[in-house]
Amino acid sequence: MVWSGFHRAARPPMIGRYAEREAIGRLLASVRDGFSAVLVLTGDAGVGKSRLLEYAAQSAQDLAVVRLVGVEAETRLGYGALHRLLRPYLGRLSALPQRQREALNAAFGLTDASPSDRHLVGLAALSLLSDAATAAPMLCLVDDVQWLDRESAETLAFVGRRLYADCLGLLFAGRDGTGDHDVFGALPALRLEGLAHAEARALLTDGVTGHLDRTVAERLVTGTAGNPLALLELAVNLGSEQLAGVAPLPEPLPLNRQLEEHFRQSAARLPAGTQTLLLLMAMTPTDDQATLWRAAGALGLSVRSATPAVAAGILNRGIITEFRHPLIRSAVHSAASPEERRRVQAALAATSAPERRAWHLAEATHGPDDSVAAELEAASERAQTRGGYSEQALVLTRAAEMTTRAGKRAERYLDAAAAHLTSGNLPAVQPLLELATPDLTGPVARARATSLRASVEMFYARPREVPAMLLDAVAGLGSTDPVASWDLLREATYAAIVGGRMITGTTTREVAKATADAWREPALPAWSPDPLMAALARSVAYGYAAGAPALAAALARLRTADELQDHHAFSVMISAAGDELWDIEAKREILEKLVTVDRRRGALHGLSMALLALSTVEIWDGRFAAAESCYIEAYDYMTATGFSESGDFHKALLYAWTGREVELRAAVATMRAYSEHLGIGMTYRWIGLALSIFEIGRGRYREALDALLAVFTDHPLILGDINLAGMVEAGLRAGDRTAAAMAMERMEERAPLAGTPWALGLLARCRALMTDDDTAEQLYQESISQLEKVPVAVELAWSRLLFGEWLRRRRRRADARVQLRSAYESFESWGAAPFAERARVELLATGETARKRTVDTQFDLTPQEHHVATRAASGLTNAEIATQLFVTTSTIEFHLSRVFRKLGITSRKQIGRKLGAPMPAIDSGESVGVSGTGEWRAHD
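Under the numbering used here, the first residue of the sequence shown carries the number 327, and numbering increases by one thereafter.
No wet-lab data here; the hints were simulated from the structure. Positions of the beta carbon are idealized from the N, C-alpha and C atoms, including for glycine.
Have a look at the derived ranges for each label pair, beta carbon to beta carbon:
id	residue 1	residue 2	range
1	Ala-1205	Val-809	37 to 45 Å
2	Asp-695	Ala-887	46 to 54 Å
3	Ala-999	Thr-830	12 to 20 Å
4	Asp-695	Ala-573	48 to 56 Å
5	Thr-830	Arg-352	49 to 57 Å
6	Arg-352	Ser-697	52 to 60 Å
7	Gly-869	Thr-763	38 to 46 Å
8	Arg-352	Pro-851	51 to 59 Å
9	Thr-763	Pro-694	17 to 25 Å
10	Pro-851	Ala-872	24 to 32 Å
11	Ala-637	Pro-514	39 to 47 Å
12	Ala-637	His-537	22 to 30 Å
Work out the full structure, taking the sequences as your base and the hints as a guide.
Here you go:
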């Protein structure tokens, strides 16, 4: 609620809002206890959000209180609000890790460093605030978040998601929807409604100095829906006869827009100079007094011009440059005439810093002006160097609006659309493309517009129409720009592989042929994705024999690269190529490089994709816990980058191996729904693979074969070959030797061409299955020998299981026990329940009792604690772990203390032994990552 009697020196006690005050009390208690908390207050204008922030400040006198207010005129200045919030603490920058320090310096334009990923800026802001809170627990109050620039809003929301044990509280307040970028939606929130009837009446009574008629009071409370600001304004501004019920009340009563109009009228009654000063204040941040008074001087105004506004209750008495309520600021800004705004903007242009001058100059200019447009374009380039892509997009859009030449205007609209795409503001891209399209000149510009549309579709995982769209753009380019044509074909191939059977207007093979035929290998760095994409296209277009050597060469090239540069969802294509060749070693090595690169850059979208791909590598090696860790991390990244919850369908392969049928069926249903809705044909191969493994483990061979046959007729790209061995087994045991022979024929063709131990080991297994005589023994031994060379432990155990079954059927029980015991112990230790049970039954048939192992519960460590524990055991310091997991050192210290208590240990060296598993090798460089499930801000 809002305080009444704004002419009083002291504000009265708050009326009502008990639930909200209790929530704020819990937030403050959490901060005092050494933890952190965040809360977002939303509601209509005047409902009392700002008053609750003031209540929080009054209740936190033992804490360091930091304030920030969003300013409507500053919404386009990338990282502007964040800079205002962190400015008092920039002296602590030297304490941050180098990459974080560079990220903030670049964002604020303090150095010439290249811009960093916005999530790295978020980590730096989190570290800086946490470091400041070590001196004294801190409360950050951020009002009018709907007027924050996009980069600042995203950064502060990110900080809120990553808080845990940092002695830091964040309290945000904003109107419903928080503007055009509702980035605070994932944070705990309270929506404020009007005051309850009795409380609203009490507030109104407190604000009236004379007689208040009961009927009038009821009418006012009902008519304002208990809006505190409306009630207080009525209490002060209605005449005594109206309040007493003698004179009629105004129609309509001031509420929301009417209330804003009331403030406009109040300001309009002030002297002209005062109105101009109020407009200048509305367009200037409250903490930028130097700019304010320089511009005021240019307009011939002084401090005395504020006196009438203070007397009228428009400005606070204590701080004359502060509006009594944020709604008044908005009302003053929107009420000004265009001419008056331009006059004030001209004064700001003449007195502002260079990075703001161009915008003010544009706002001061009436109509198109190419010289001003050129200044705006130059300003957009400065914004880009700081990573302020939203600012870049807004400034370029304004430059386009001021451009007289149609072609140049369209070019700037395209540049603005591209900047919005980079910032992640995808809804803003299409409108700008529509503005640009009518005036695009030449095939290159039209192709670029098509590429931007395609990028939006792929970001939303909607590949259905993308390949045909990009092929049309290539046709339009002709031979004018071979480089641009290749870029379009590369993206078309990626979309075609992802879309598979679901794409429209063309086929995967047509796209691949166009790409393969266009490939002319230039001199490229080792990290370039182009050779791999060309090889994938060649494999699809001209068959496995033509594509396999090129795929092998492309993977070998990437393995030699000192460092990779992620390109969109490059990890998906690496995974596809690795599976096509059964090359698990190349797949792991390259994906781990990508993970390291994306961690260091803070590129969360690419990192989430790389971790999902890496999880399959862990599964094939029997490292199910490591795969689960990858999933947890990846899902947190996906949430941080704005992807909606889509269930755990990525875990289908893990569910299959672990025998979790309910979860598997749900994941399969989700994948099928996504495939149909979005056009992602790739998921059908995941479905076939996961279902076939689950059903084979359960001994339901007909069902397994049906799942594999559903994708066998597609071109065998991306998981199509990886379970051919399963198809041979399922076909034979389901009594469908024809199906088994089809899979065997493909295996015989492809495995020798791949030539990897995984491929050759599976080929030997399939030959053993197809053999009716004793030569099968040598083939099984060959399979085991080959699979022992590479990290595919589940395949090795699978071959041992089949070999043990074969030996038992030949009554060689002692020999069978050796193979079956090894298979059983492996499957059981991993939690591969279906295959473990199958091995156990076979082992019992040999006369040996198979005891189930007692599975350690990992001492009930939470996912976050397990992440911290494994990294601590690998030798990383607390600071290095904090940097990897996008949290603070104090949070890591807290989690480690709980790990030590739960494990009953006193040293980091004891963690690995206590957890009973070898710790994974983890990059100890200054990397950046996110881990957990978005629960860092909560505590027990």
